[in-house]
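Enquirer: If you want the building blocks of each chain, they are given just below.
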Amino acid sequence: MAGTAVRGRLSTWQTATVAAVSSETARTRTLRLEVAERAGPGAFQHRAGQHVDVRLTADDGYQAERAYSIASAPGEPLAITVERVDDGEVSSWLTQEARPGDLMEVRGPIGGYFVWESAFGGPLLLAAGGSGIVPLRAMLRERARAGSDVPVRLLYSSRSWADVIYASELDFPAEGVRVIHTLTRSQPPAWTGYARRVDQPMLAEVAWPAASASAGGGGGPLAYVCGPTSFVETVAAGLVALGYPPGRVRTERFGGTG
Amino acid sequence: MDAVTDDAALDGNAIGGLLIEVFGAEMTTAVAICASCGTASQVAELAVYEHGPGTVVRCRACEAVLMAFVRRRGVICVDLEGLASLS
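So the sequence lines, in the order shown, correspond to chains A and B.
Using my numbering, read the first sequence as starting at 1 and increasing by one per residue.
Using my numbering, read the second sequence as starting at 1 and increasing by one per residue.
None of these hints come from the bench; they were simulated from the model.
Since the model is a prediction, treat every value here as computed from it, not as a measurement.
No false leads were slipped in.
One-sided and incomplete, this derived list gives chain A residues near chain B with beta-carbon spacing under 10 Å: (1) Q50; (2) V52; (3) D53; (4) E65; (5) A67; (6) G108; (7) I110; (8) G112; (9) F114; (10) V232; (11) R250; (12) T251; (13) R253; (14) F254.
Every residue gets a Cβ at the ideal spot worked out from N, C-alpha and C, and that includes glycine.
Bound conformation, chain A alone (with noise of 0.2 Å):
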C-alpha cells in the first residue's frame, strides 16, 4: 500500500508556488518553490542529484515541461536553479518572468542514478559543465547536512567568472571540499587558476588516483559528471583512461531545450 501511496504522488502533477526567487548569475536564477500537497515535515524526501519536471500551461491551454535539477539538499526547502536557454520557452518564464506568488505545477522527484549519500562514500570528484553543478551542489549541501567528511573535489568549468553559478557559496567550501575552477573564455587579470576547456592533462592533474582508498568503505573514488553532453562525454571518456571503472563514473547530459 504505501509503494501505491508513492507512485501515485511520484506521477501527479502537483501545483507549486513560487515562495522565493534569487539571481545566481545574469542567466541563471533559484526558484524556491513550495508544494501544497508536500506540506507538514518529511513530505518532500528528495535524494541530492535528483530532478524535478516543470510544466507550464499557457492561457490558450498549450503546455510545456521540462526537467530542472533540485539545487537544495535533502531536508532543505525545495529549489531549482535554472540557466536562461536563448527561445526556451519554459525556461524565459523562469527566469525572467516568474515572481513569488505565481503558480507552475511539478512532478518528482524523478531518479535513483544520478543521486548521492553519504553511505555512498568516496572520495568524491564532481565535475561540472556551466549550469550542471546545480545537482552536484545539492550533494556538497548534502555532504554538508549529514556531517560527511568524505573528500571531495569538484572541477567546474564555466565560460568566465561572471558565469559562475553559486560563486560565493563555492568561495568558502566546508573542510575537505576543494572547488577547482576553469575559466574557458575570458579570466578575470591576474587569474591564476585553469582557462581552457577540460581535457585530459587536466583531469589527471585534479581527478583522485583511481586507486584512492576508499573514506567511506566503498570502491574507491566515485565521480558524478553533469553538463552538456560534450562535456560529460570528455570528462567520463578521460576517467575511465584514468583507471576510473565505468560504473564508479555516473553521468548526467543536458540539452539545449530549455
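Chain A is already provided as a structure; the job is to place chain B on it using the hints.
Expert: Frame of chain A; chain B shown alone:
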C-alpha cells in the same frame, strides 16, 4: 560524431517523469537489455532524443532504438519492441 555522442542526446534520467507516467514507478534504475546486441544498461544510462515528434531511446552500445514514446491527444503510445527485457 555518431548518433549517441552528438549534443542532441540526453540520458534516460531526463525522461524519468515520462517513465513514471507510463509505468507507474521509478524506472531510471531499471535494467534494460537491448534486443539487438544484448547490452544491459540502467535506463538512466541510455541515450534519449527528445527533439523529434516523440521521444526515442537508443542503446549506447549499438544505437538500436529500444523504446519510443509519442503523445497524442493526451494518450501516450509506447513502443518497446527494441527491448529484450526491462526489469
